[in-house]
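Chains as they are written, first to last, in our numbering: chain A, 43 to 417; chain Y, 62 to 225.
Think of the hints as simulated: they come from the structure by calculation, not from any bench.
This structure is a prediction, so every number in the text was calculated from the model and none was measured.
Wrong hints could be hidden among the right ones.
Stated by the list, open to error - Below, a list of computed lysine-lysine pairs in the DSSO-like style, where the Cα atoms sit at most 27 Å apart: (1) Y:Lys208 to A:Lys204; (2) A:Lys204 to A:Lys225; (3) A:Lys225 to Y:Lys99; (4) A:Lys166 to A:Lys100; (5) A:Lys204 to Y:Lys114.
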Amino acid sequence: MSGSFFKRIFLLSALVFSSLVPALAQDDEHHEGETTVVEHGKSEEGFNMGEMIMHHIKDEHGWEFAHGLKLHLPVILYTADRGLEVFSSKDFEEGKAHNGYHIDHKTGQVHRIDTAGKADESVKVWDFSITKNVASLLLSVVLLVVILGAVKSSFAKNRGGKPTGIQRFIEPLILFIRDEVAKPNLGHGYAKYLPYLLTVFFFILANNLLGLLPGSANVTGNIAVTMVLAVIAFFVVNLSGNKHYWMHLVLPSGVPWWLLPLIIPIEIIGLFVKPVSLMIRLFANITAGHVIILSLLGLIFVANQLGGAGTAWGLSPVVIVFTLFLNLIELLVAFLQAYIFTLLTSMYIGSAIEDNHDMDHGIGYDEEHIIEPVA
Amino acid sequence: MELLTPNIGLLFWQIVAFGGLFFILRSFAWKPILASLKEREENIQSALDLAEKTRREMAAMKADNEKLLAQARSEREAILRGAKETADKLIAESRDKAESEGKRILEQARETMQNERQALVMQMKKEVVSLSLDIAEKVLRKELSDKSAQEKLVNDLVATSSLN
Chain A
43 MSGSFFKRIF LLSALVFSSL VPALAQDDEH HEGETTVVEH GKSEEGFNMG EMIMHHIKDE
103 HGWEFAHGLK LHLPVILYTA DRGLEVFSSK DFEEGKAHNG YHIDHKTGQV HRIDTAGKAD
163 ESVKVWDFSI TKNVASLLLS VVLLVVILGA VKSSFAKNRG GKPTGIQRFI EPLILFIRDE
223 VAKPNLGHGY AKYLPYLLTV FFFILANNLL GLLPGSANVT GNIAVTMVLA VIAFFVVNLS
283 GNKHYWMHLV LPSGVPWWLL PLIIPIEIIG LFVKPVSLMI RLFANITAGH VIILSLLGLI
343 FVANQLGGAG TAWGLSPVVI VFTLFLNLIE LLVAFLQAYI FTLLTSMYIG SAIEDNHDMD
403 HGIGYDEEHI IEPVA
Chain Y
62 MELLTPNIGL LFWQIVAFGG LFFILRSFAW KPILASLKER EENIQSALDL AEKTRREMAA
122 MKADNEKLLA QARSEREAIL RGAKETADKL IAESRDKAES EGKRILEQAR ETMQNERQAL
182 VMQMKKEVVS LSLDIAEKVL RKELSDKSAQ EKLVNDLVAT SSLN
């Protein structure tokens, strides 16, 4: 009874929401345009939506949970001439310089400054600081180790029995990755890749979910993070590629010889497009979600600027309702993107390790192989 | 576009964090978790298999029992039928035997009677012959002496001997 009721509510709201998205997007652009105008008018007080959003989705030294509540994180710098230097990000507060370094507030990058207080571009500063994203990253690692450690001991406790506690939440996810992602795509060799796929899934999921918390970092919406994940996926796929995989790349069977000059470059580009698509998909999905939510919330401040406090108060319930729905959708996206990344990675690995390519059309080089049915 | 340029520090920390996470989880979590999942699934599978096997065995046993029962029933019937046949045969045989024995005895008795009668008749015939011969002798003897006496004697003898 209640289930179908909620389902109906959900469907209805999804319908309403989907029809409103384009309108809202237009609204955003409109307002953003206006705010820039306003900002140009009153340069100091003006609310800049674009800046606010970028500030939230980008990395920074120190972790500001809310205005005035900031956790200072260590800044770790390496320069060829001065070696490793570690100090608190508190020393950079309010644009201050420290030890001859300062942060460029436009780009967020640390530069060496010369005696005149100008950025010295000749010194390359390697910034290995524990930034907001790094701190969140490490937090997610600790959380995952703690949670999965608890799941492990729960497994040990309920040996052979039915799951209890947190195991009941995590176990279906593990089973899902194993039975719906790894097994169908990887066949009988799935066990070798399962720890990697599970780690990828839970890492992305944990960071997606952490990113939804207010004041949190945008880890999986950062291109450096998704790039590392994609590069690892690239290596896992290509290092496990078998003879058929590489042969298919350089000499696809069933293709007329005169098409080879076209097909081979396409295949080689495809090799790199796959991880790049993984990288951009995750980054763009998570960042876009954050941008939409921040834009919606920013509307309140824009309204405050344009129509005064009354308009802002009047608008906020509507904005809050939409933000709530978007947060629910982001919750879905958090699971979905973790699933998609894992699924695609396992599909790429599957294509690299399978014995017989679909493209062979039966005239390939599979005589010496017995085609085994994939369980 | 600064959003699209990866930061070297974050790249480094992400490699460290993800690599560390992978190696920690692989030996610390995934191995035991996947092993116990597999173990549990195998347990469930073997329990199901056992149940299925037991069910099949039970069915087989039931079928066996029924077969045995049917066999016992048919055997009982066969035995009963056999016993009845034997009994019937026995009765028939003894009746036949008794009948034939009775017949035989009757026959024997009849034969004996016949024989005895025959013997009696023979003896009687013999006696009649010898008597007749005696009479004839006596008559012949008397005739030789006295004709009238001879006649009288014959008459007397005939009068005294009544044939029966």
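### Task
Against the earlier hints, flag every one the structure doesn't satisfy and list their numbers going up.
Of the numbered hints, just 1 does not hold.
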